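Asker: One-letter residues, chain by chain:
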Amino acid sequence: DVKVTQSSRYLVKRTGEKVFLECVQDMDHENMFWYRQDPGLGLRLIYFSYDVKMKEKGDIPEGYSVSREKKERFSLILESASTNQTSMYLCASTPAGGPKVETQYFGPGTRLLVL
Amino acid sequence: GNSVTQMEGPVTLSEEAFLTINCTYTATGYPSLFWYVQYPGEGLQLLLKATKADDKGSNKGFEATYRKETTSFHLEKGSVQVSDSAVYFCALNSGGSNYKLTFGKGTLLTVNP
Numbered sequence: 182d183v184k185v186t187q188s189s190r191y192l193v194k195r196t197g198e199k200v201f202l203e204c205v206q207d208m209d210h211e212n213m214f215w216y217r218q219d220p221g222l223g224l225r226l227i228y229f230s231y232d233v234k235m236k237e238k239g240d241i242p243e244g245y246s247v248s249r250e251k252k253e254r255f256s257l258i259l260e261s262a263s264t265n266q267t268s269m270y271l272c273a274s275t276p277a278g279g280p281k282v283e284t285q286y287f288g289p290g291t292r293l294l295v296l
Numbered sequence: 009g010n011s012v013t014q015m016e017g018p019v020t021l022s023e024e025a026f027l028t029i030n031c032t033y034t035a036t037g038y039p040s041l042f043w044y045v046q047y048p049g050e051g052l053q054l055l056l057k058a059t060k061a062d063d064k065g066s067n068k069g070f071e072a073t074y075r076k077e078t079t080s081f082h083l084e085k086g087s088v089q090v091s092d093s094a095v096y097f098c099a100l101n102s103g104g105s106n107y108k109l110t111f112g113k114g115t116l117l118t119v120n121p
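Those protein sequences? They're chains A and B, same order as listed. Under this note's numbering, the first residue of the first sequence carries the number 182, and numbering increases by one thereafter. Under this note's numbering, the first residue of the second sequence carries the number 9, and numbering increases by one thereafter.
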């Protein structure tokens, strides 16, 4: 079974702090994604990566950056956390080919509270 | 651009009731369509999918049929259980090499015993 893990389930940070959210997948998937989930808004794509060191902006990249130095790890960085970044953050991965290519595998999520 | 519109919740049903959650989409080309489910405290997991018109996806008693003529992918289950209580997301992938998904806003389902 594919396993996608996220470094924290719950996180509390202060405004202005630099925040790192880590995601690791164990199935050698090429594509990895970061979403945020907010009530009434569903899931919105922040960034995705289709290979090591490659990244593309999603629909709401402002205030975020990402890093993918190794294939299995995709990090989301909040350079200076703000209260409007309080949200649930979900990481997902998918292979580049094969029968499972369109199925995204999600981690359990990190609920971030910025005070 | 692509978009997914799904029935607003919350939906509350009694056990063994019939469930329908409506989903319609706007997309260019021939998208693949998905239903994902999020149980309390967990991430999303794929429930079912359909990759072309008239395909029916099914899993765990849930079904959805890809209707190109009505651009719809409604989720149905004949008899819901308390364990089906979750948030359900309709999504589409319009193709290309990056496999990005466009999600609906989600529908919260609560099933009471």
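Careful, some of the hints might be misleading.
Heads up, incomplete: computed chain B residues facing chain A, CB under 8 Å, no partners named [to be verified]: (1) Gly114; (2) Thr118; (3) Val119.
Distance windows between CB atoms, simulated [unchecked claim]: (4) A:Phe201 - B:Gly49: 34 to 44 Å; (5) B:Glu77 - A:Val233: 25 to 35 Å; (6) A:Ser248 - B:Gly49: 21 to 31 Å; (7) A:Arg190 - B:Leu116: 17 to 27 Å; (8) B:Gln53 - A:Tyr191: 16 to 26 Å; (9) A:Arg190 - B:Glu77: 23 to 33 Å; (10) B:Val90 - A:Glu250: 17 to 27 Å; (11) A:Ser248 - B:Glu23: 40 to 50 Å; (12) B:Lys68 - A:Gly197: 12 to 22 Å.
Just so you know, the hints here were simulated from the structure itself, not pulled from any lab data. Quantities reported herein were computed from a predicted structural model and do not represent experimental measurements. Ideal Cβ placement from N, Cα and C applies to all residues, glycine included.
Asker: Next step is simple, just say for each hint if it's right about the structure.
Answerer: Consistency of the hints with the structure:
Interface restraint check: Gly114 (chain B) against chain A, minimum CB-CB distance 5 Å, threshold 8 Å, status holds. At a threshold of 8 Å, the smallest CB-CB gap from Thr118 (chain B) to chain A is about 15 Å, leaving the interface hint violated. Given hint, Val119 (chain B) at the interface with chain A, is violated; its Cβ is 20 Å from that chain's nearest Cβ, farther than 8 Å. The hinted window of 34 to 44 Å between Phe201 (chain A) and Gly49 (chain B) is violated, with their beta carbons roughly 23 Å apart.
Distance hint check for Glu77 (chain B) and Val233 (chain A): the Cβ-Cβ separation is about 43 Å, which falls outside the suggested range of 25 to 35 Å. About 27 Å separates the C-beta atoms of Ser248 (chain A) and Gly49 (chain B), a value consistent with the hinted range of 21 to 31 Å. Take Arg190 (chain A) and Leu116 (chain B): their Cβ atoms lie about 21 Å apart, and the range 17 to 27 Å holds. Checked against the given bound of 16 to 26 Å, the beta carbons of Gln53 (chain B) and Tyr191 (chain A), roughly 21 Å apart, stay inside it.
A C-beta distance of roughly 44 Å is found between Arg190 (chain A) and Glu77 (chain B), which places it outside the suggested range of 23 to 33 Å. Look at Val90 (chain B) against Glu250 (chain A): about 44 Å separates their beta carbons, and that is not inside 17 to 27 Å. The beta-carbon spacing between Ser248 (chain A) and Glu23 (chain B), approximately 47 Å, falls within the hinted interval of 40 to 50 Å. Judged by the Cβ atoms, the range 12 to 22 Å given for Lys68 (chain B) and Gly197 (chain A) is violated: they are separated by roughly 45 Å.
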